[in-house]
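Novice: Letter by letter, the chains look like this.
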Amino acid sequence: MSQRIENMTQQNADTSTPTRHQFDSGAEFRGLETRGAHAWFGSHHALADVSLRFPERTVTGLIGPSGCGKSTFIRLLNRMHEFIPSAAMAGEVLLNGSDIYDPSEDPAAIRLKIGMVFQKPNPFPAMTIRENVLAGIKLAHLKRDNHDDIVEQCLTRAGLWKEVKDRLGASGGSLSGGQQQRLCIARSLAVEPQVLLMDEPCSALDPSSTLRIEETIKDLAEKITVVIVTHNMQQASRVSDFCAFFLTDGGPGYLVEADATRKIFTNPTDSRTADYVQGKFG
Amino acid sequence: MAAVNVVTTPEPRKMVVVYSRADKIFRRIVTAGALTSLMLLGLIAAFLIFRSSGIFREFGINFITGTEWFSAGEDPVGGATTALADADDASVFSIGPMIVGSLVVALIAMFFAVPLSIGGALYIEFYAPRGIYRALVSLLDLAAAIPSLIFGLWGIQVFTSMGVRWATLLNDRLGFLPILAVEFENFGRSPFVAGCVLAALVVPITTSVAREVYSRTPRDLIDTCFALGGTKWGAIRSVVIPYGKSGVIAGAMLGLGRALGETVAIYLMLNLVFDYSNQILDSAGGNVASMIALKFGEATDKELSALIAAGLVLFVITLIVNMIASSIVQRSTPRA
Amino acid sequence: MNSVSTSDQYPGIEPLRPWAITRQARLKNLFRSFVFAFVAFVVTIITPLANIDGWAVAFLLINVAWVVGQTSRSGSKERRDAVLRVVFTSLAVLAFVPWMSIFVTVLLKGYRAIYPGYFFSDMRTSTPEDEFNIGGAGHAIVGSLIMVTIATLITLPLGILSGIYLTEVRGRLTFLVRFIVQSMAGVPSVVAGLFIFTTVVQPMGKYSGLAGGLALAVLMLPTVSRTAEEVLKLVPDDLRSAGYALGARQWRTAIMVVLPTVKSGLITAGILGVARVIGETAPLLLTSLNTNGFVWNPVGGTVASLPTYIFSMFMYGTEYSSSRAWTGSLVLLALVFGFFVLARRLGATAVQKVKTDSRKARKLKNRS
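Residue numbers (this note's numbering), protein chains in the order written: chain V, 989 to 1270; chain B, 648 to 983; chain P, 20 to 387.
Okay, chain V solo, but in the shape it has when bound (with noise of 0.2 Å):
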C-alpha cells in the first residue's frame, strides 16, 4: 500500500503542489481535477482558485479549519453547488479530462459518476433497507435485472451485509446511526460511480462506528476515487493518502498546500500546516 503511495508521489510529483497555470493542458490525466477554481454566495466570495487533482482510486483528505470552504469546494465536484439560488463558480473541474460544468453536459449524468455521501445519515424513511440500497437505480432508471445481487455487493462493500442480511425488509429508519452512514455509503455504491465524495460523514458517529467506516473507505479505494473532508485530523492521517490543507483569512478560501499525507503530517512544506497539524489552532 505504502508502495504504491510512494509510486504515485514519485508520479505527481511535479503537480503536487497547486499553483496557478501549473498545468500541461495536454496532460493525460485520469482522475478528478480542478483548476482554478473558485465559489460564490451572491458576492461573497467563498472559495478562490483552487486546483487540485485526485489521482484514481486513492483516497484524498480534505483538511482545515471550519469555515474556510471545505463543503462549498466538494459540492462544486459533483454540481451540487447549483442548487443554492445565488451560486456562481469560475474554473474548471474535470473528469477524465473533459469539463463537468460543459453546458452540453447532463448534470444528472455526472452524478451518476460522481456520487456524495452526507455529514447526518439520511436513508430514505420511507423505504427498506433494499430500497435505499436500490434507491439510486431506479432514480436513474438504469436497466439492471440482478437487483438481489446488488443489493449484496454493494452492503458487503458498505461493510453491513452481514448485520443486515437477514432483514432486508426492514425501514431504513431502524438502523443505528452507523449503520445508517453506512447504508448510505451502499445506496452510493450501487450506481457504480468511479468517484465518491465524503463530506465528514463520520462527525455524527460513535468513535466504533467511525472506525468501521474508515476501515470502508479504505476497501472502497481499491475500486474508486474517494474524496472526503474531514475536521478529525486523526482520522485524516488514518484514512488519507493524500492531504489538501484549507485556511482562509476573513476572505475566500484557499488552498495551502496538498501533497501526500505522510508529508502533510511530518514534514509540510509551508509552516501553516505545520501549526494545524499539531493543533496549534482549528
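Rather than coming from a laboratory, the hints here were simulated on the basis of the structure.
The beta-carbon is built from N, C-alpha and C at its ideal position, and this holds for glycine as well.
Pair ranges (Cβ atoms, derived):
(1) P:F198 <-> B:R668: 30 to 36 Å
(2) B:G835 <-> P:R99: 37 to 43 Å
(3) B:Q977 <-> P:A39: 38 to 44 Å
(4) P:Q201 <-> B:F697: 21 to 27 Å
(5) V:K1153 <-> P:Q201: 45 to 51 Å
(6) P:R99 <-> V:N1255: 52 to 58 Å
(7) V:P1195 <-> P:Y263: 40 to 46 Å
(8) P:Q201 <-> B:Y666: 27 to 33 Å
(9) P:R143 <-> B:G835: 33 to 39 Å
Given the coordinates of chain V, work out where chains B and P should sit on it, guided by the hints.
Specialist: Frame of chain V; chains B and P shown alone:
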C-alpha cells in the same frame, strides 16, 4: 460503637406556588374570559342538541334516512309562522336527500380540487421561478380569503357556460353511465357545475396546506436524490410525496369540511330538489346548508326545530371530518 | 467579514453560472410559447375543440408533444421528468385561473357603478333599475362595519383572554377550552346564524344588526382565540424567565413583558378574524337580512351589509341590479384584501419584534 450512617434519599418537597393577591385577580380574570368563551361556544352546542332533541325523538333515524320534508303547519297563502299545533303533527321532516346532496357536491369538488392542489403545491415549491415564489404564496392566501358569495356570482355568470360545455361532453361520450345520464339536457344548475365552482373555492385551502407540508420536506433527503443522479420528478416521487402524504390528506379533509358546510354558493347555483338523485349532470340537488337558508324564513316552530336538527347533523359531520384531519396531523408530527 | 474584492486578487476571474438558462435560451422559449399559443388557436378553429378550454387542451397537448420530442433521444427518466414538469405547471395554472378570473370579473363588471357618491348613498330613494349614479352601497358598508365592530368588541377580549389562559395560566380547564374552541371552528356559518335566529331574533321579535354582529362573533371567536394562542406561544420562555428573574409577578410579566411583545400579533389576530367574517353571507341572511337605508341603531331592525346587499341585488335578477351586485363585490373584495395586507404587514413586525425582544431578554438574563 460506630454509628451507622444510613443515607436515604429524602422525600421530595412539595413545591406549591403561592400567588400574590394581584396574581390571583389576574388569573381569575383570565380564567373568567376563557370560561366565557368556553361557555358561549359550549352553549351553542348544548342549545342545538336541546332544541333538536324533540325532532330526533319523534323521527329517530328516519330523520337522516327518510326522503320527505313536509311542513303541515305552514300556511300556504301567507307563509305565517303561527300554526296550529295539531296541524304541525302531520309534518314529516327528514334530510336524507340533502345529506346525500351535500356529500355528492362536496365529493365532486374534492375530485377536482385534490389533483389541482397537489399539482399547484408541487409547482410552487419545486418548479416555480424563485422570484415569484413569495408572490404565489401571497396570491394563495388572498384567494383563500375570497368570500364564497363572490364565488357563487362568478360561478353563475362566468363559469356556467364552460361547465355546461363539459357536462354536455360528458353526457355525450359517457352518458351510458347512469351517473352521467340525464332526462333533460339542462346542465346549468347541476351538482356537477356547482361541484366545479366549489372545487375552485376549496383549492386555496388545500393547496396552502399541501404547499406548507411539502416545504418542510428535509432538504438533505431531496439533495440525496439529486446526488444519486435523479431528476426533480424522481426526488418528488421518492421523497416529497411520501413525506407529505399525511399532511396532504389532512388538508384534503379540511377542504372537505369546508365544502360540506358551504351555503351561499350552493344556494345560488343549485335548484333545491328534495329527491335522491344519482345524476350529477341533472339540474337538481341541494345540500343541507342551503336548505336551511331557504326554509328558515317561513318555518313553523316545529320546522325550525327540524332545521336546527339538520344543522346539528351537518355540524357533527364537519366536526368528525375536522377531527380526522387534526388526528392525522398529530400522528404524523413526531416523525418529522 | 468582507471578502476581498475579486478583481484585486484575481484579475479576470468573473463568477459564472454555466448551469443557468441563458437569456438567449429564455427568449427562445418565450417565442416558442407564443408560436404554440397561435398553433393551438388554429387548432380550435379547425377541430371540434373550441373556446378557451379547447384552446387550453390544445396548448397543453402541443407542449407535451414538444417536450416528448425534445427528450426522445435522452432516456426515459429525462422524458418523464420533462413531461411531468409540463403537467405540474398546467395543474398550477388551472388552479390559479379561477381566482384570476374572479379578480378580473369583479373589476370589469364592478367598476361601472362606482362613482364618488357610491360610498355615501343608499338604496332608499332608488331602485336597482336606476342609473348607476343614483343610489349606492354606503348603507351596506356602514352596516357591515357596525356588525363587525360588535363582533370584534366581543371576540377580541375573549379571544385574547382565552389565549392568555392557554399559554400563561394553563389551568385545569386547558384541555377543555382548547378542545371546544377547535371544535367550534368548524361550525357551518349557517348553523351559527340559525342559533342566533332562534335565541336572539325570535325573542326580540325582529331582525337586527345586533343579531348579525352576534352571529359573526360566534364565527370569529374560534379564529381569534386560536391565532391569539399561536402568537402567544411564539414568545419564547426566555422572555418570561427574564421577567420572573427580575422579580416581577406573573400578572406583571404577562401584561408588561409578554403582551406588548405580541401586541401587533394580537391585533393581527383580530384583523384576520374580521377579514374572515366580513364576507360571510349565510349567517346574516338569518339574522340581519337587508334593508335599503342607512341604519345606525343596531337594535332598530334589519340592517344592510355588504354580503346581503350583494345577494339581494343579484337575486333581483336584472342586468343593472347584477352590475350593482358586482360593484358591491368589488368593494367587499377590496375591503377583505385591505385587511389582509394590513394583517400581513403587522404580522411581520410582530414576529420581528418577538425575535429582537427575546434576544434582549436573553442578554438580560445572562447578565443578572
